[in-house]
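Asker: Protein chains in written order, with our numbering: chain A, 1 to 956; chain B, 1 to 102; chain C, 1 to 194.
The hints are simulated quantities; they were obtained by calculation from the structure and are not laboratory data. Model, not experiment: these values are computed from the prediction. A few of these clues could be false.
Unchecked claim - Restraint ranges, calculated between C-beta atoms of paired labels, are given here:
#1 141(C) with 446(A): 41 to 49 Å
#2 585(A) with 13(C): 18 to 26 Å
#3 139(C) with 81(A): 40 to 48 Å
#4 181(A) with 141(C): 43 to 51 Å
Glycine is no exception: its CB is placed at the ideal position from the N, C-alpha and C atoms.
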Amino acid sequence: MNTPFRAPGHGRVDRGTTLSFTFDGIAHTGHPGDTLASALLADGVHHVAHGIRYGRPRGVLAAGAEEPNALVQIEFPFPEPMLTATTVELYEGLVARGLSGQGRLSGEPDTARYDTVHAHCDVLVVGAGPAGLAATLAAARTGARVVLVDELPEPGGSLLGSQEPLDGAPAMEWVGAVLAELAEHADVRVLRRTTAFGHYDDGLVLALEKRTDHLGAAAPAHVSRQRIWRIRSRQVVYATGAYERPIAFDNNDRPGIMLAGSARTYLNRFGVLPGTRAVVFTTNDSAYPAALELADAGVRIAAVADVREEVPEHWRSACAERGIAVRAGHVVTGTSGIERVTRAHVAPFGAGRLGERHGVDCDLLLVSGGWNPAVALFSQARGTLRYDAGIGAFVPAGAPGGVRTAGAAGGTFTLAGCLADGVAAAGQALSALGRTVPETALPVTGPLPHGAPARVLWRVPSPRDGREDQDGTLQFVDLQRDATVSDVLRATGAGLRSVEHVKRYTTIGTAHDQGRTSGVMTSGIVAEALGVDVAELGTTRFRPPAVPVSFAALAGRNRGELFDPVRVTALHPWHVEHGALFENVGQWKRPWYYPRAGETIEEAVQRECRAARTGVAMMDGSTLGKINVQGPDAGVLLDRLYTNLMSTLKVGRVRYGVMCGVDGMAIDDGTVIRVAEQEFLLTTTTGNAARVLEWMEEWLQTEWPGLRVHLTSVTEHWVTIPLVGPRSREVLALVAPDLDVSNDAFPFMSWQDTTVAGVAARVCRISFSGELAYEVNVPAWYGITVWEALHAAGDAFSITTYGTETMHVLRAEKAYPIIGQDTDGTVTPQDLGMSWVVSKKKPDFVGKRSFARAENLREDRKQLVGLLPADEHVLLPEGAQIIATSDIPAPPVPMLGHVTSSYRSDALRRTFALALVRSGTRRIGETLYVPLDGRTVPVTVTDPVLFDKEGARRDG
Amino acid sequence: MQLITCPWCGDREEIEFHYGGQAHVAYPEDPYALDDEQWAQYVFFRDNPKGPFAERWVHAAGCRRWFNALRDTVTHEFLAVHRAGAERPSPTSTAKGQEATR
Amino acid sequence: MTVETPVRFSPLAAWQDTLAQLPTGIRVRELPHLTQLTLRAEPGSTAVRAVAACLGVPLPGPVRAELSGDVEVLWMGPDEWLLVAPDGRADDLLARLRSAVGEEFATVTDVSAQRTTLALSGPLVRSVLAQGCAVDLDSRVTPAGSCPTTLLAQAPVTLVVHDDAPAPDVRLLVRASFAAYLAAWLVDACTEHR
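My request is simple: use the sequences and hints to build the entire structure.
Answerer: Below is the structure:
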């Protein structure tokens with residue numbers, strides 16, 4: 001199947017296979033190897049989108065990632081917005097439509113897989129054009145580990161789009177031979193369809209591989225659609241090529257206006273003729289091969305307007321042979337046409353003045369304003385740039401360590417030069433790694449015609465200049481943002497002098513093409529307007545990502561159940577099986593409460609609380625951090641880190657302790673048991689386990705390395721089961737037959753090793769509820785067995801499992817603080833009403849000196865108190881502010897403190913709260929107010945301990 | 001993702017490390033000989049230089065060792081790392097330099 | 001009264017079947033209930049020599065594992081090793097080591113249930129681990145006998161390279177609470193190879 005715009009004998013698409021697709025509701029066909037853009041052009045479709053601001057028809061300007069115009073929305077197989085038609089590989093069944101700037105995200109979840117892979121190499125080469133391939137080959141031959149990434153489905157880069165021979169044969173034969181050799185090297189990885197988009201610290205380059213996008217609906221579900229490669233490379237060679245630059249002239253945005261090199265690519269890579277009758281407008285030699293190759297393929301070249309007065313003889317005669325008129329010293333001043341360009345207006349441009357213009361009919365206008373090295377990644381890597389006035393572009397100047405460019409990215413534009421440069425760059429990279437590159441024979445390139453220097457031209461003066469409010473209103477600079485020369489001039493007219501400011505004022509370069517075709521041109525126009533040197537003005541900064549990357553790709557597999565690690569205890573399966581609802585505590589899943597059928601959370605928690613206060617209840621306390629502290633100086637270390645004295649603790653006993661920072665603020669609390677003369681085991685709060693160990697190690701390793709102490713985390717070695725309530729003693733006795741559970745034999749704050757349900761266990765008599773309670777610790781493997789045994793033994797006592805919510809209510813009734821909930825890093829143990837935990841005997845410990853700071857002795861510090869709402873049904877929100885008056889005064893409202901914990905208490909038959917209140921202890925008995933829903937709730941300040949103040953219940 | 005050289009484990013991604021602030025700030029010999037202001041200097045005040053800065057880091061996800069580093073606060077570059085207790089690093093003896101010649 | 005052996009469960013007991021169904025090219029199985037002891041001692045000390053003599057192997061240096069004996073010794077930190085032995089050896093080893101150490105300053109802690117062990121083998125092991133591990137696992141960089149403690153996906157792990165080529169055999173020690181997350185991650189990472 002052939003269409004009028006397919007050039008016979010050209011291109012690398014598979015014409016034996018036809019792909020059907022729909023664009024803007026119209027059925028089209030194309031071939032494997034096509035992009036959406038090439039297939040549309042082959043069908044004669046040039047008008048593919050509209051400008052975002054003025055809605056003007058827009059066509060296809062380029063053939064690759066630099067495309068600013070041809071934005072499309074994919075509708076099938078999966079909606080995806082704002083892709084460029086030039087980078088969408090064609091597949092069967094594709095449904096797409098042109099956009100006017102913005103697309104839409106799918107409302108449906110994306111079911112495709114995305115993943116991330118780490119790779120490591122000696123040399124990373126970015127770009128598989130002639131320079132990149134030569135560099136890769138040279139590096140591979142040394143046995144180095146090499147990764148080559150290239151954005152196209154087929155390596156070759158510029159060779160795909162030209163007819164230049166290598167070794168007297170089509171250049172792609174050389175590419176094939178190179179790839180075959182690279183495939184022989186086990187340490188070389190060639191990644192196609194992979195775009196490097198970010199250069200980060202220490203040689204880390206991120207690249208996006210589009211793995212199955214080109215398969216459309218046929219993409220296998222189990223293969224990731226896109227992959228982020230995290231490539232850690234010791235040396236990076238950027239062989240990223242160059243982007244052709246357009247020129248600003250009136251109506252330079254019409255469909256049918258195309259970069260000359262891109263037209264050449266459409267012919268040679270895709271076998272597509274982008275028009276039938278073309279005008280070429282150039283400032284340099286590079287447009288001539290395009291003109292000649294297109295002419296040879298059947299495109300009538302109506303005229304070549306070359307702004308230079310002198311056109312090299314080689315090109316002039318080659319054009320003459322084909323009957324192509326070359327108009328030296330001419331420019332295109334504007335175009336006509338509605339849906340597509342129909343005429344170019346050509347005029348002499350001697351001495352910077354426009355002569356008389358005349359129209360040349362055409363359906364294709366090819367433009368070449370020169371070439372900009374693709375330096376975005378090099379620049380991200382902190383490579384510096386300099387302005388090369390000869391080519392009107394910014395080229396690499398200073399390369400940071402481990403980074404270099406090769407080929408056109410470095411300003412080398414001949415094929416022979418690119419090949420040699422690639423080998424040289426590989427050689428430098430490898431010698432930096434202490435390797436020597438053997439002589440690499442390069443293929444022979446065709447004869448290089450004698451050329452002439454380019455002329456730098458950013459903008460053709462408009463015949464309308466001076467006749468309108470603003471010059472350049474129809475001269476487009478950034479086609480994606482619809483920003484024009486007049487916008488730039490308005491910016492400079494408003495006094496802006498920096499291109500960074502002009503960028504933000506005009507939005508030029510902020511679209512997703514990142515101004516590849518507009519950035520340097522903007523610098524040029526700004527410089528002209530300000531009468532300064534472009535070199536001085538510079539260009540805008542390049543930032544990652546260099547190409548659009550979807551959030552799905554960045555998230556990779558860290559979504560759904562793998563979004564964040566879910567940490568579970570050994571008892572977790574039991575909790576799930578028994579209907580627990582879970583609360584996230586850091587990364588842990590902890591049972592929150594265990595609702596029975598039809599129960600609300602309030603009802604469930606009341607029931608659980610009642611069981612703990614009147615019968616027996618059990619919970620999973622395994623998430624508590626546990627640190628084993630061993631060595632002759634273990635007691636000394638603990639004395640220095642806890643506020644109270646630990647070294648005097650007797651083997652067999654337990655002590656509660658608080659740790660403070662050097663600022664005297666409580667940072668953690670827990671119990672400490674003395675296992676042996678030289679061994680302690682301490683617990684930390686669930687969320688602080690790692691932090692406390694790190695804190696202790698920091699002191700030990702950096703401040704007191706002489707102490708003979710070792711710290712070992714044993715958090716997950718143990719399953720910890722608090723068994724709570726007046727009947728807990730009886731339940732424990734049933735499963736621990738060897739244990740004398742009597743109060744005398746096993747008093748409060750002591751521990752014993754025994755056997756529970758046949759398992760060697762350590763049982764502590766500690767309580768976080770005020771009730772008689774035990775804490776059964778067994779190696780985690782036996783957790784379920786012991787848990788179930790306790791549960792079964794408790795059956796006769798209607799044992800109740802409870803979760804964190806009930807735990808919180810029970811502890812709050814007793815005013816046991818939760819560090820991090822009732823404290824916020826500004827609360828001392830004294831503020832918590834726990835002066836008793838602060839040793840007066842120890843000469844020093846971490847935090848002690850700060851207790852004596854004037855600030856920490858102020859009478860009006862915030863202190864932990866209880867709050868009882870006057871209305872016993874009102875549940876104060878945690879975080880609610882506390883004020884002194886029933887009327888909310890005019891702002892600023894004096895805040896006395898805030899509610900830190902608030903619950904409904906089954907034991908108290910009412911709601912209650914804990915709060916940090918300024919001079920709280922002194923205010924006990926006062927009525928304060930909590931603003932809530934536009935009114936204030938009166939609350940009575942009380943002692944924080946609201947239940948069993950005498951501690952009568954702990955012994956059962 | 002920067003690489004940080006753990007003096008024990010070698011180069012690892014920065015996510016494995018935790019920051020510990022300025023290094024070589026010793027706990028005062030006798031805190032009670034200091035007035036509030038002097039004590040506050042120790043507790044709250046740290047240098048904030050532009051350029052090389054001696055810092056404390058811990059290889060939290062690895063060997064759990066605290067170590068000292070000299071880091072340039074302008075470039076973020078680690079100029080040197082050294083084990084706690086070892087002699088203070090000189091900017092020339094960077095572990096990454098050693099890596100490059102390995 | 002008969003003495004019943006209490007039932008115990010390893011962290012990944014419920015994952016056994018799922019792990020058995022991974023694609024060809026990678027085999028993952030839990031090695032449950034291994035004896036694991038944390039040894040802390042000053043390198044070069046008498047205690048270290050005593051432990052080495054007791055175990056019959058030298059205590060390895062940074063990021064290296066001594067895998068030759070019945071008791072594997074993994075370097076975890078400059079004064080820290082993890083001793084890994086078959087199931088049921090904790091009491092015996094603890095007693096032997098403590099007696100070998102004598103009055104010297106060295107500590108041994110039973111942490112057997114703190115972590116579980118996954119054995120990964122097959123040609124796909126490296127490419128699966130490369131999805132979540134930033135450490136270069138190439139056998140020239142991380143050869144057999146290496147034991148980096150690092151992150152795999154978002155979980156802290158110790159990787160022990162038992163055998164590097166051509167089909168790697170890697171042990172993965174993971175904290176018990178992270179084991180299910182890591183198993184889910186590994187199974188998901190193998191999806192592509194189905």
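Asker: With reference to the structure, classify each hint as holding or not holding.
Answerer: Checked hints:
no.: 1; hint: 141(C) with 446(A): 41 to 49 Å; result: holds, 44 Å
no.: 2; hint: 585(A) with 13(C): 18 to 26 Å; result: holds, 24 Å
no.: 3; hint: 139(C) with 81(A): 40 to 48 Å; result: holds, 44 Å
no.: 4; hint: 181(A) with 141(C): 43 to 51 Å; result: violated, 25 Å
When each numbered hint is compared with the structure, a violation occurs for hint 4 only.
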